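On the provided structure of chain Y, position chain A as indicated by the hints.
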Amino acid sequence: MLLPAKLPPEKLYRICNPEEFGFTTTAEFDGTVKTTGQQRALDAITFSMGIRHDGFNLFALGPNGTGKQTAVTSFLNGIAPGSSVPSDWCYVNNFEKPRHPKALKLPAGKALQFSRDVEHLVEALFTVIPAAFSSEEYQAQEKNIREKFQEQQGEAIGDLEQKAAEKNIALIRTPAGFAFAPVKKGEVLKSEEFMLLSKEEQDSIEREIENLKTALQSIMGQIPKWQRETQDRIKELNRNIASYALKPLIAEIISNYQSLEEVVEYLKTLENDLIENFDQFIEKEPDAREYFLGLPQGRLSLKSPSFNRYRVNVVVDNSKTVGAPVIYEDKPACQNLIGDIEHTSQMGTLVTDFTLIKSGSLHRANGGYLLIDARRLLFEPFAYEALKKALRMRQIRIESLGQLYSLISTVSLEPEPIPLDIKVILLGERSLYYLLNFHDPDFAELFKVAADFENEIQADKEGRFAYAGIIASMVRKDGLRHFSKSAVARVVEHGSRLAQDATKLTAHLQSIYDLVHEAEYYAASAKRDIVEAEDIQRAIDAKMFRSSRIREKIREETLKNVILIDTDSEITGQINGLAVYSMGEQSFGQPEKITARVRLGKGEVIDIEREVEMGGPIHSKGVMILSGFLGARFAVDQPLSLSASLVFEQSYSGVEGDSASSAELYVLLSALSGAPIKQCFAVTGSVNQHGQVQAIGGVNEKIEGFFDLCKSRGLNGKHGVLIPASNIDHLMLRHDVVDAVKNDQFSIYPIKHVDEGIEILTGIPAGEPDEKGQYPENTINGMAVARLSEMAEKLRKFNADSEDEEE
Amino acid sequence: MPEQFKNILIRHIAVALDCSPHSMASLSAAAELARLMDADLTGIFVEDINLLRMAELPFTHEIRLYTPEPEKIDLSRLERSLKLQAREAEEALERIAGQFMIRHSFRVCRGMVPAEVTSASLEADLLVLGRSGRSPSCRKGLGSTARWALSESAKHILFMQSGFRPEQESVLVLYDGSEASKTALGIAENLVRKGNTLHILLLPQAEGDEKLLETEVSGLVPSELLRVEFHFLPPDVTDSKILARYIRMAGSGLLVLSDHMNIPAETVHTLVCEIDYPVLLVRR
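Protein chains in written order, with our numbering: chain Y, 1 to 807; chain A, 1 to 284.
If we strip away everything but chain Y, and leave its shape as in the complex, we get:
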């Protein structure tokens, strides 16, 4: 078998040549950013924003920091200014049903003017109404009406009084009413005088008084009616006077809003209410009770709470909006989305009115676009449901949460809903999108379009230039030092490293943003005007150093042989596997000793990690796959008469992943064949049942982890790592590793099949079967078959002895 050659240095790191950039520094860019490598997502955005049907809202999915918001905002900023500016909205009092404030729609920029117009109107009434009601004309008319009543009453009683007087009877006012009594020379007859009168005279007086009483009672019956009529006449007069004073003012406003039917209708109801309640514009004597109750005193003014009913609460003002609004809701709480009805405390009671209606971001973005972070939305109680309801109903209905869930019990409002025409863009991770899709049937109906953002972009020329543009825009936006082309090239290379793929660049722009800022800091510290490649390297190294405490601790323990990792000798049934530890943003590789022992048994491979429940399912799957490989290779003609145990030595936490399955297979082959494995190698790669080695993740970290340990002990030219051949494109190794390879101090072998790997590891060929299916003797497979036969024989003999003993 032809063994794979060591990888040459140029395969280990893909250099970005600064000379291919046509600029010297990023100062030559204008700072605009073009989204690159996200064509799928951009198409989805274009489609979603273009289609006007319901439910075609957008979910932009992808890892955080991949520039989803930037891409969407940039797209919207391109199309929004060309769209028409949406209408203004305001809430006004519903004079018939004050609990249901009316929503008024006005052309963009008109709501504030309308609010001011109404305010001026009401302000003017403080002068106009008192003037009208203190006019001589009004006073005279009112006096006339009252006097008419007095006269009517006076005449009726006066006539009766006159009639009575003719019969020497006087009508006398008592403390509570009236009474008739006989008089003589203006004085009421004393009872003795009356008794001295003849019986006829007494009877006559009594009769007369009885008649007069009846007549007076009849008059009394009329008085309340006359009072009512008088009041009605005064009311009518008041209405006429108020209406006359108000009409020109209202007519002036109506003429300004003639084309707006609803506004005109509101102004008419306002006019009626002002006429009915004209007296509130007339200064009254201060009421002592109001003072003691703590109610506002002083001169009448528009600021008094009693005039709130005439205010216009502008909830959406688009006077300064250009095109369609693009709103990002940073805190998508329910009340921030759909608005809220606030309350104020008045004498210990919570009260509210339509002026306390607050708009939400749905109001502000109505007619345009609203961007919301999906995770934050889901974290806010009731917010997601409220958003869905608004989108489903196509209207914004403001409901107080406290009221809805009976948390507060006080009078609240039910404002008229406002029609909703909006595109909502949710930004979130893929897992959220899939979770919502799976668990919420409404979601798929309301967010029909998914813009799936790539994790990486191609590291082709376009991608590299896009990186340069992104760096330039960051520099310009944040006022940083400009980057030289070599610095940009180094960032591009690091982008590939972050993408774990030499042919890709990471789309996680947050990482690039952090690197750019840190490098700029080092350039500033070094008093350089331009950020150079060495600043980038320093930033990368510094970041790695900052997070290296645990890695260094583990290495220290390894060097002290507390953790036993052999990198020199040759040992049977022992191999160096490679594991990756992830700590927050940082991950690093570390060699792990894997050992295998075989004994007589029933052909099972015992994964100790699994037995003690420290191995994850993927790891267990890997072990079973390699058992399958062993069975197929060695137990076709006879059963496997062994039991093998596998373990990650000194592993005290769980093991997951199948990247060690090739190492586990090698160590089993070593234990089976008795061929020692060179400990100067470390191995990574998963294996299938045919023995093919498959790609794994974190290849760079794994190689660097083993390299760092060997380097600490001293490189001798024999050290190396076996990696899957399919991982070659993922290599973006550190410069010191590349240099060591260049100097033949370290080797990296790309392996396609375990037979290649076992030969490199043991120096003994794997061995291929002849026509009879027999493996040559001095090969790993041959040695393994021989050992298995020997074990099978022992087992047979042992079983026969046991049976004899039993007999």
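Treat the hints loosely; a few may be bogus.
[What the hints assert, rightly or not] Computed far set for chain A versus chain Y, every beta-carbon distance over 12 Å: (1) F106; (2) V108; (3) S153; (4) G177; (5) D209; (6) E210; (7) T215; (8) V228; (9) H231; (10) P264; (11) I275.
[To be verified] Distance ranges between label pairs, derived from CB positions: (12) A:S162 - Y:E136: 17 to 27 Å; (13) Y:I254 - A:H231: 40 to 50 Å; (14) Y:N144 - A:H231: 18 to 28 Å; (15) A:P68 - Y:S306: 38 to 48 Å; (16) Y:E265 - A:M101: 54 to 64 Å.
Derived from the structure by calculation, the hints contain no laboratory data.
Small disclaimer: the values here were computed from a predicted structure and weren't measured.
Idealized CB from N, CA, C, for every residue including glycine.
Showing chain A alone in chain Y's frame:
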């Protein structure tokens, strides 16, 4: 005390109280004048003997506005009501006297109201009473007590009506050059508050006297301290209706005049009865 009042000694003011709106207005005005003139104030409440007699009659019933059937008048209840009214009047007097910080007294007497008010005010220099009291017909013009006082009393009388506040109103005085009108002018001048106008209605005796009267008044009134407006009547007017028309045209609040001027006393009395203004009638 203002200089002009030194010759017009009003040391004691009597005010008739019957708890009607007019009498309450009278009380305020009387208190205001008492403070101005440093005079004592006496409130007079008369228990109407007619009422008490009526209650003793076997057949009299009280008819009320909001009670369907007439009720027999009970003497003890009536007496209690009168006492209650008297107490109410006294409390009102005390309250307002406290406000104005004036010396005051209260007197309750029983008898025919007009006669009792007039006789109780004999010790006073000025009698203040409502234009109409608790008269059943709410008629215009003067009530029975006011009419009695007008004809029988020799004191200065202020006929008040509700809705009038002396400190807020202008004052109109009738001036014809007589001594009585000079006294009226002196009092009127002192009743005008800052910012209000003193209207002077000149009644010339003959053609061409207007200027003479105006010059004469200008010498008497410190016009630099007061806002004064002159109004002129045609010479020798003796018709109360013409006088009333001119007074209304001036549109002032309180009317000050005397029934000892050159125009006949009957004309003045008729005017006082008919005019719908509070009137201060100045006696010699």
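Hints, one by one, checked against the model:
1. F106: holds (19 Å)
2. V108: Check passes; 15 Å lies beyond 12 Å.
3. S153: holds (18 Å)
4. G177: holds (33 Å)
5. D209: holds (32 Å)
6. E210: Per Cβ check, E210 (chain A) is outside 12 Å of chain Y; nearest 28 Å; holds.
7. T215: holds (33 Å)
8. V228: holds (23 Å)
9. H231: Per Cβ check, H231 (chain A) is outside 12 Å of chain Y; nearest 18 Å; holds.
10. P264: holds (27 Å)
11. I275: holds (15 Å)
12. A:S162 - Y:E136: 17 to 27 Å: holds (20 Å)
13. Y:I254 - A:H231: 40 to 50 Å: Between I254 (chain Y) and H231 (chain A), where Cβ atoms are some 47 Å apart, the hint holds.
14. Y:N144 - A:H231: 18 to 28 Å: holds (25 Å)
15. A:P68 - Y:S306: 38 to 48 Å: holds (40 Å)
16. Y:E265 - A:M101: 54 to 64 Å: holds (59 Å)
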